[in-house]
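Chemist: Residue-level listing of the chains:
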Amino acid sequence: MNANLIHQAMTDIDDEFIVEAERYVPAPQKQRPNLLSRLKMHPIRWVSTVVSCLLIICLLPTLYFTVVKTPNDAPTENTPTSPSTPSTPEEQSPSVNGSVLFVGDYAETPQGRVKYLSNDNGIVTLEIDRTEASELNWRLEGLPILDKYPDGNGNTVYETVGGVKLVVSSDIEIGGDSFPASLVVKFNVDGDNNYSPNLTGKFLLTVDYSFIAKACEQTDCYLVSQLGKFALT
Amino acid sequence: MGDNQIVELFFARSEQAIAELSVKYGAICYRIASNILHESADAEEVVNDTYLGVWNSVPPTRPNPLKSYVCKIARNLSLKRYRFNSAKKRNGARNLPLEELENSLSSKFTVEGQLEVDVLTKLLNDFLRGLDGESRVMFVRRYWYCDSVQDVAEFFHVSPHTMTVRLARLRKRLKKFLKEEGVLI
Chain A
12 MNANLIHQAM
22 TDIDDEFIVE
32 AERYVPAPQK
42 QRPNLLSRLK
52 MHPIRWVSTV
62 VSCLLIICLL
72 PTLYFTVVKT
82 PNDAPTENTP
92 TSPSTPSTPE
102 EQSPSVNGSV
112 LFVGDYAETP
122 QGRVKYLSND
132 NGIVTLEIDR
142 TEASELNWRL
152 EGLPILDKYP
162 DGNGNTVYET
172 VGGVKLVVSS
182 DIEIGGDSFP
192 ASLVVKFNVD
202 GDNNYSPNLT
212 GKFLLTVDYS
222 FIAKACEQTD
232 CYLVSQLGKF
242 ALT
Chain B
5 MGDNQIVELF
15 FARSEQAIAE
25 LSVKYGAICY
35 RIASNILHES
45 ADAEEVVNDT
55 YLGVWNSVPP
65 TRPNPLKSYV
75 CKIARNLSLK
85 RYRFNSAKKR
95 NGARNLPLEE
105 LENSLSSKFT
115 VEGQLEVDVL
125 TKLLNDFLRG
135 LDGESRVMFV
145 RRYWYCDSVQ
155 DVAEFFHVSP
165 HTMTVRLARL
175 RKRLKKFLKE
185 EGVLI
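Protein sequences, first through last, are from chains A and B. So the first sequence is numbered by my numbering: it starts at 12 and just counts up by one. So the second sequence is numbered by my numbering: it starts at 5 and just counts up by one.
Hints were generated in silico from the structure; no laboratory data involved. None of these values were measured; they are calculated from a predicted model. One or more of the hints may lead you astray.
As the list claims (entries may be wrong) - Pairs of lysine to any residue, SDA-like flavour, derived with a Cα cap of 20 Å:
{"id": "1", "chain 1": "B", "residue 1": "K176", "chain 2": "B", "residue 2": "R140"}
{"id": "2", "chain 1": "B", "residue 1": "K71", "chain 2": "B", "residue 2": "N107"}
{"id": "3", "chain 1": "B", "residue 1": "K179", "chain 2": "B", "residue 2": "T168"}
{"id": "4", "chain 1": "B", "residue 1": "K76", "chain 2": "A", "residue 2": "P54"}
{"id": "5", "chain 1": "B", "residue 1": "K71", "chain 2": "A", "residue 2": "R34"}
{"id": "6", "chain 1": "B", "residue 1": "K126", "chain 2": "A", "residue 2": "D26"}
{"id": "7", "chain 1": "B", "residue 1": "K76", "chain 2": "A", "residue 2": "N15"}
{"id": "8", "chain 1": "B", "residue 1": "K28", "chain 2": "B", "residue 2": "A16"}
{"id": "9", "chain 1": "B", "residue 1": "K179", "chain 2": "A", "residue 2": "P54"}
{"id": "10", "chain 1": "B", "residue 1": "K28", "chain 2": "A", "residue 2": "R34"}
{"id": "11", "chain 1": "B", "residue 1": "K84", "chain 2": "B", "residue 2": "E120"}
{"id": "12", "chain 1": "B", "residue 1": "K176", "chain 2": "B", "residue 2": "T125"}
{"id": "13", "chain 1": "B", "residue 1": "K71", "chain 2": "A", "residue 2": "F28"}
{"id": "14", "chain 1": "B", "residue 1": "K179", "chain 2": "B", "residue 2": "E106"}
{"id": "15", "chain 1": "B", "residue 1": "K126", "chain 2": "B", "residue 2": "S139"}
{"id": "16", "chain 1": "B", "residue 1": "K84", "chain 2": "A", "residue 2": "N15"}
{"id": "17", "chain 1": "B", "residue 1": "K126", "chain 2": "A", "residue 2": "T22"}
{"id": "18", "chain 1": "B", "residue 1": "K183", "chain 2": "A", "residue 2": "A14"}
{"id": "19", "chain 1": "B", "residue 1": "K76", "chain 2": "B", "residue 2": "Y55"}
{"id": "20", "chain 1": "B", "residue 1": "K179", "chain 2": "B", "residue 2": "V121"}
{"id": "21", "chain 1": "B", "residue 1": "K126", "chain 2": "A", "residue 2": "Q19"}
{"id": "22", "chain 1": "B", "residue 1": "K76", "chain 2": "B", "residue 2": "N52"}
{"id": "23", "chain 1": "B", "residue 1": "K126", "chain 2": "A", "residue 2": "E31"}
{"id": "24", "chain 1": "B", "residue 1": "K76", "chain 2": "A", "residue 2": "E33"}
{"id": "25", "chain 1": "B", "residue 1": "K126", "chain 2": "A", "residue 2": "D25"}
{"id": "26", "chain 1": "B", "residue 1": "K71", "chain 2": "A", "residue 2": "D25"}
{"id": "27", "chain 1": "B", "residue 1": "K180", "chain 2": "B", "residue 2": "N107"}
{"id": "28", "chain 1": "B", "residue 1": "K71", "chain 2": "B", "residue 2": "F15"}
{"id": "29", "chain 1": "B", "residue 1": "K180", "chain 2": "A", "residue 2": "A14"}
{"id": "30", "chain 1": "B", "residue 1": "K176", "chain 2": "B", "residue 2": "H165"}
{"id": "31", "chain 1": "B", "residue 1": "K76", "chain 2": "A", "residue 2": "D26"}
{"id": "32", "chain 1": "B", "residue 1": "K71", "chain 2": "A", "residue 2": "L66"}
Working from the sequences, and respecting the hints, build out all of it.
Modeler: In C-alpha cells, the structure reads:
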C-alpha cells in the first residue's frame with residue numbers, strides 16, 4: 012500500500028512541475044577545455060615545444076658520443092683488456108704484456124708464438140716466429156678491403172671499412188698466391204676464406220688500437236677490432 | 005490546435021476532440037504508458053483509455069493546463085495496469101523508477117494507514133519547490149514520466165553514471181525531507 016501511496020502522491024504533484032519537465036531546456040553542454048587550453052598555451056607553441064623536446068632527446072646521445080665520448084673510447088665486451096680512455100700507449104694496449112696475450116685468437120691458436128716488441132703511440136709491434144708459427148687465422152669478417160695503395164715505404168696499404176688499414180710489405184700481397192713461405196696466413200675477407208698467402212721469414216705485426224670500438228660490433232670480432240693497422244715484413 | 009479549443013470540442017461532445025487530443029498529446033501519453041508498462045500493446049490500450057477518461061471527465065472538468073491533466077490520467081491508468089500485471093505476474097518487466105522510489109521510502113511511514121495521498125502530495129510539492137530547476141526536472145522526468153536513466157542523462161548531457169548518482173542523491177534528499185517532516189521514521 013505504501014508503494015501505491017507514493018505513486019499516487021507522485022502522480023498528483025502540481026501541474027507546474029509536469030509541464031516544466033516537458034518544457035525545460037537544459038543548459039548547453041559545457042565544453043570542457045582541452046588540455047592545451049587548460050594549460051593556456053597556444054597549439055603552435057605546444058608543437059614547437061614537443062618538437063624541441065624530441066630533437067633534444069634524439070640528439071643528446073649523438074652529441075654525447077661525438078663530443079663527450081668518442082667511439083674509440085667506448086669499452087666493448089669483447090675487449091676486456093682494452094682501455095676505456097687511451098691516454099698513453101701503455102694504457103691503450105694493456106693486454107700486450109709480453110708474449111702472447113695480445114689479440115685473443117693469436118693466443119688461443121697454436122699457430123705460433125707472438126712476441127711483443129713495442130708499442131709506439133698505440134702502434135703495437137709484435138713478432139711472430141715463423142718457425143714456430145705454422146698457421147695464422149686472420150679473421151677479418153665484416154672488414155672487406157676497399158682500397159689498396161703503396162705507402163711510399165715499400166709497403167702496400169690495404170684499406171678496409173672502419174678505417175682499418177693493413178700495411179703489408181711490398182713483397183707480400185694479400186690475396187695473392189705467390190708467397191713462398193711455409194707459414195700460412197688466412198685472411199677471411201667478407202666471410203670467405205679466399206686468402207691464404209704463404210709467408211717467409213719473420214714478420215712484424217703492427218696493430219693500431221684506435222679502431223677497437225668502431226670495428227667491434229660482433230661477438231667474434233675481437234681480433235678484427237684490434238687489427239686497425241698492421242704491417243707484415 | 006490550442007488546448008482551449010480542444011476543451012471546447014470536448015464540451016461540445018465532438019469526436020473531433022479525441023482526434024485533436026491524440027494529435028497533440030498522444031505521443032506523450034504513449035511515452036508515459038510505455039515507460040511504466042514496457043509493453044506496446046498495453047501502452048496503446050492505456051492511451052485509448054486515457055482518451056476515454058478525458059472524454060468522460062470533460063465536461064464537467066475544464067482542465068487547465070490540459071497537458072498535465074491528460075498526462076496524469078495516462079499515468080494513473082498505466083500504474084493501475086502495472087499493478088494489475090504485477091499482481092497477476094503477467095508482466096515480468098520491472099519498473100525501475102517506481103521501485104527506486106518504493107525502496108527509498110516505503111515501509112517507513114510513521115503514520116502508516118493514516119497518511120493521506122493529499123498530505124504526501126503536498127510534501128512532494130514542497131520538496132520539489134525546494135530543489136533547483138535542473139534537479140527538479142531531473143526528478144520529475146525520472147519518477148513521474150518514468151524516463152530511463154539513459155534518456156534523462158542524454159537530456160542533460162551527462163553520463164548515465166553521473167545521472168544515477170545524482171538521482172540517488174535526490175532520493176536521499178527526499179528521504180531526509182520526509183523524515184524532517186515527521187512522515188518517515
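Chemist: In ascending order, which of the hints set out earlier in this document are inconsistent with the structure?
Modeler: 2, 4, 9 and 32
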